[in-house]
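Chemist: Here is what each chain is made of, one letter per residue.
2 protein chains.
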Amino acid sequence: MADLKQELLRTAHAVQHFIEQDSFPAQVFPELLRNAVWDYPLRGGKRLRPALLLWTCGMTGGHCETALPAAAAVEIFHNWTLVHDDIIDRDEVRRGQPTAHIQLRDSAKVRFGGSPEKAAAYGISFAILAGDVQQAWAVHTLMRLSENHVHDSVVLALVRRMQTELNRVLISGEALDVEFELHNPDTVSKEDIFRMISGKTSALLRYSMQAGAAIALQSTDFDSPLQQDIGNFAENLGLAFQIQDDLLGLYGDFKTFGKPIASDFQEAKPTILYREAMDRMNSVQRQELKSMLHLPFYGEEEIQKLRTMIHDCGAEDAVRKLSEDFSGKALAILERFPKNQYRDLLKDLTLMLIGRNI
Amino acid sequence: MADLKQELLRTAHAVQHFIEQDSFPAQVFPELLRNAVWDYPLRGGKRLRPALLLWTCGMTGGHCETALPAAAAVEIFHNWTLVHDDIIDRDEVRRGQPTAHIQLRDSAKVRFGGSPEKAAAYGISFAILAGDVQQAWAVHTLMRLSENHVHDSVVLALVRRMQTELNRVLISGEALDVEFELHNPDTVSKEDIFRMISGKTSALLRYSMQAGAAIALQSTDFDSPLQQDIGNFAENLGLAFQIQDDLLGLYGDFKTFGKPIASDFQEAKPTILYREAMDRMNSVQRQELKSMLHLPFYGEEEIQKLRTMIHDCGAEDAVRKLSEDFSGKALAILERFPKNQYRDLLKDLTLMLIGRNI
Numbered sequence: 002m003a004d005l006k007q008e009l010l011r012t013a014h015a016v017q018h019f020i021e022q023d024s025f026p027a028q029v030f031p032e033l034l035r036n037a038v039w040d041y042p043l044r045g046g047k048r049l050r051p052a053l054l055l056w057t058c059g060m061t062g063g064h065c066e067t068a069l070p071a072a073a074a075v076e077i078f079h080n081w082t083l084v085h086d087d088i089i090d091r092d093e094v095r096r097g098q099p100t101a102h103i104q105l106r107d108s109a110k111v112r113f114g115g116s117p118e119k120a121a122a123y124g125i126s127f128a129i130l131a132g133d134v135q136q137a138w139a140v141h142t143l144m145r146l147s148e149n150h151v152h153d154s155v156v157l158a159l160v161r162r163m164q165t166e167l168n169r170v171l172i173s174g175e176a177l178d179v180e181f182e183l184h185n186p187d188t189v190s191k192e193d194i195f196r197m198i199s200g201k202t203s204a205l206l207r208y209s210m211q212a213g214a215a216i217a218l219q220s221t222d223f224d225s226p227l228q229q230d231i232g233n234f235a236e237n238l239g240l241a242f243q244i245q246d247d248l249l250g251l252y253g254d255f256k257t258f259g260k261p262i263a264s265d266f267q268e269a270k271p272t273i274l275y276r277e278a279m280d281r282m283n284s285v286q287r288q289e290l291k292s293m294l295h296l297p298f299y300g301e302e303e304i305q306k307l308r309t310m311i312h313d314c315g316a317e318d319a320v321r322k323l324s325e326d327f328s329g330k331a332l333a334i335l336e337r338f339p340k341n342q343y344r345d346l347l348k349d350l351t352l353m354l355i356g357r358n359i
Numbered sequence: 002m003a004d005l006k007q008e009l010l011r012t013a014h015a016v017q018h019f020i021e022q023d024s025f026p027a028q029v030f031p032e033l034l035r036n037a038v039w040d041y042p043l044r045g046g047k048r049l050r051p052a053l054l055l056w057t058c059g060m061t062g063g064h065c066e067t068a069l070p071a072a073a074a075v076e077i078f079h080n081w082t083l084v085h086d087d088i089i090d091r092d093e094v095r096r097g098q099p100t101a102h103i104q105l106r107d108s109a110k111v112r113f114g115g116s117p118e119k120a121a122a123y124g125i126s127f128a129i130l131a132g133d134v135q136q137a138w139a140v141h142t143l144m145r146l147s148e149n150h151v152h153d154s155v156v157l158a159l160v161r162r163m164q165t166e167l168n169r170v171l172i173s174g175e176a177l178d179v180e181f182e183l184h185n186p187d188t189v190s191k192e193d194i195f196r197m198i199s200g201k202t203s204a205l206l207r208y209s210m211q212a213g214a215a216i217a218l219q220s221t222d223f224d225s226p227l228q229q230d231i232g233n234f235a236e237n238l239g240l241a242f243q244i245q246d247d248l249l250g251l252y253g254d255f256k257t258f259g260k261p262i263a264s265d266f267q268e269a270k271p272t273i274l275y276r277e278a279m280d281r282m283n284s285v286q287r288q289e290l291k292s293m294l295h296l297p298f299y300g301e302e303e304i305q306k307l308r309t310m311i312h313d314c315g316a317e318d319a320v321r322k323l324s325e326d327f328s329g330k331a332l333a334i335l336e337r338f339p340k341n342q343y344r345d346l347l348k349d350l351t352l353m354l355i356g357r358n359i
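Here the protein sequences line up with chains A and B, keeping their order.
Residue numbers for the first sequence follow the numbering used here, beginning at 2 and rising by one.
Residue numbers for the second sequence follow the numbering used here, beginning at 2 and rising by one.
Calculated directly from the structure, the hints in this document are not laboratory data.
Errors might be hidden in some of the hints.
Any copy will do: because identical chains look the same in the list, a pair fits if it lies in one copy or spans two.
Think about it this way: if two alpha-carbon atoms lie no more than 30 Å apart in a straight line, the pair counts; the simulated DSSO-like pairs of lysine-lysine are [claimed, not checked]: (1) Lys110 / Lys291; (2) Lys119 / Lys191; (3) Lys191 / Lys110; (4) Lys110 / Lys270; (5) Lys119 / Lys291; (6) Lys110 / Lys348.
Pulled out of the complex, with its shape left as it was, chain A reads as follows:
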């Protein structure tokens, strides 16, 4: 795994450098908006999507450097969706720092004074606009592929897929997630949950990897068997990862997971884990599980009770198996590609993503 971590770091540095050097945000004004446009894309993080893109480019015979603008573009794309998500979810912390709208609110308070309400409204307004500019920045960065002699037809096809397929599917997934909050969690079907995950998580992984292959092959054919395989790998990886995340949300620990344990239950979020448990329980058990939603506080006792209930009905094992099925499918697809260092990296990355310590 030493190589994987080293290569992830190397990718992260290359992407960070590329984004830092890009002149797009320099002409955004006023200053607070410009700062907000730079902020998330430069906060770092694991840069998983760029790694998936670059390594798929390498695995299918391309030069990773050629694809670097696209790698930066998917990272910027990911970040604009986070800026808007954070407003929508009223989150206050992202990667250990205040979220965009909170940061902007606080900057406005310092710079302009005025009432807290005005500063809060300003923070949200500027965060909406920052995400809007970042969406355009992602397209701008993607088009810098032309500087690396990627054919116009390939650049056009990648822009079209980003703005037609990716945006529509990803935002629809996000919207479904928002709408779930208004539903009784029992009325949300597994199918809808999978659809939401596929949009919110898998779509960008799929886009990233297929872009890497399209650049390597200088091809606009996304229906080829190779691109279908890559798309299916990404789809399965996304589902495995998200279901693993549900499990971590209950069976993980705060330090690894980064969010309070059982928060999905506190928010009464329909997850595959919750649905699986409900499907396996009798009506008395169901009532008991439902009484554990929306509690004001989840301490050791409540968490342990939830863990036991969901384990005892068989849902924990079933969902763990489901995640393994998806990741198994992903790894099997990978085997169809000729073995090289990039295929190995993608395999190791998959194992890392789904094997996070529980």
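On the provided structure of chain A, position chain B as indicated by the hints.
Modeler: For chain B alone, kept in the frame of chain A given last:
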């Protein structure tokens, strides 16, 4: 002027039809988000930006039908910025109907019940996402130029300008306008106000007209004397129009203007008219004008007092002259183009836009 109105109607119908036939929103889900994505672009309106684009294409020797996807694209682009603007400005009415976030709030109430706060938050969340999807829809629609055999290089150049120049300048203008609210209006310079207008209004007019010419000429050269002329025409038209709008906001009547008279003063908005008056007044008059800001109600008496103050110091005439200077410059640039029916339409449109009844 009969021809102008007829041609505007014809353009509006063509754009409406093109947008209705486009399949992009059909795959957006859930249903309420899909409805919101369709909503503004289909609400109609004068379709001025498409008309500017199509007629510039015609004036420079192109076929208007070829440019129709770009005409629809600038209209969709305009509308996504309105959806986000309406959230930011907390506006409740747009073209005689509820704004997107209000419409979504009310739909959520009917469909899901729940508290008014939840419905309001849902309305804002979905309106943010609707604008996000519409921004991508604009790019998608622009790229449909390829179906009309516009060269890949021209399509790429137009996407690049939309996402690099237009988005950045327009959103910066919007952000400046938002930030003005936090400033004392006396500290905002005329230069900043012009910069804001140039971003919020002129940038999309410029983009629309230059796109029309680029399509007609199948050229990616936006630095040519012809494109410079077109850009300058649009810049001057936007400034003339916006300054005229400031005047209408005080000297117009509610029916023509569509908004309450003196609302700029109620909101203490820095406008060219306000700045010009302040620059011409002595300190006593200035204090008096400042005491007329932020009033809870502007009746006949208050409006008349403001009109007189701003007239007597010479600001009304000076600003009227300024608007005429900008429109005069625009019309002079137009004369450089060979006379044809489209140049005549652009001239009549300019006269209509700046000669609105005062």
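Chemist: How would you classify Lys191 and Lys110 at a CA-CA limit of 30 Å: within, between, both, or neither?
Modeler: between (44 Å within a copy, 25 Å between copies)
Chemist: Please work out whether the CA atoms of Lys110 and Lys348 approach to 30 Å or closer within one copy, between two copies, in both situations, or in neither?
Modeler: neither (48 Å within a copy, 47 Å between copies)
Chemist: I want to check one pair: Lys110 and Lys291. Are their C-alpha atoms no more than 30 Å apart within a copy, between two copies, both, or neither?
Modeler: Between copies, since 24 Å is at most 30 Å while 42 Å is not.
Chemist: Classify it for me, Lys110 with Lys270: is the Cα-Cα distance of at most 30 Å met within a copy, between copies, both or neither?
Modeler: between (34 Å within a copy, 20 Å between copies)
Chemist: At 30 Å max between alpha carbons, let me know whether Lys119 reaches Lys291 within a copy, between copies, both or neither.
Modeler: between (39 Å within a copy, 21 Å between copies)
Chemist: If the cut is 30 Å between Cα atoms, do Lys119 and Lys191 qualify within a copy, between copies, both or neither?
Modeler: between (41 Å within a copy, 24 Å between copies)
Violation of the numbered hints given earlier is confined to hint 6; every other hint is satisfied by the structure.
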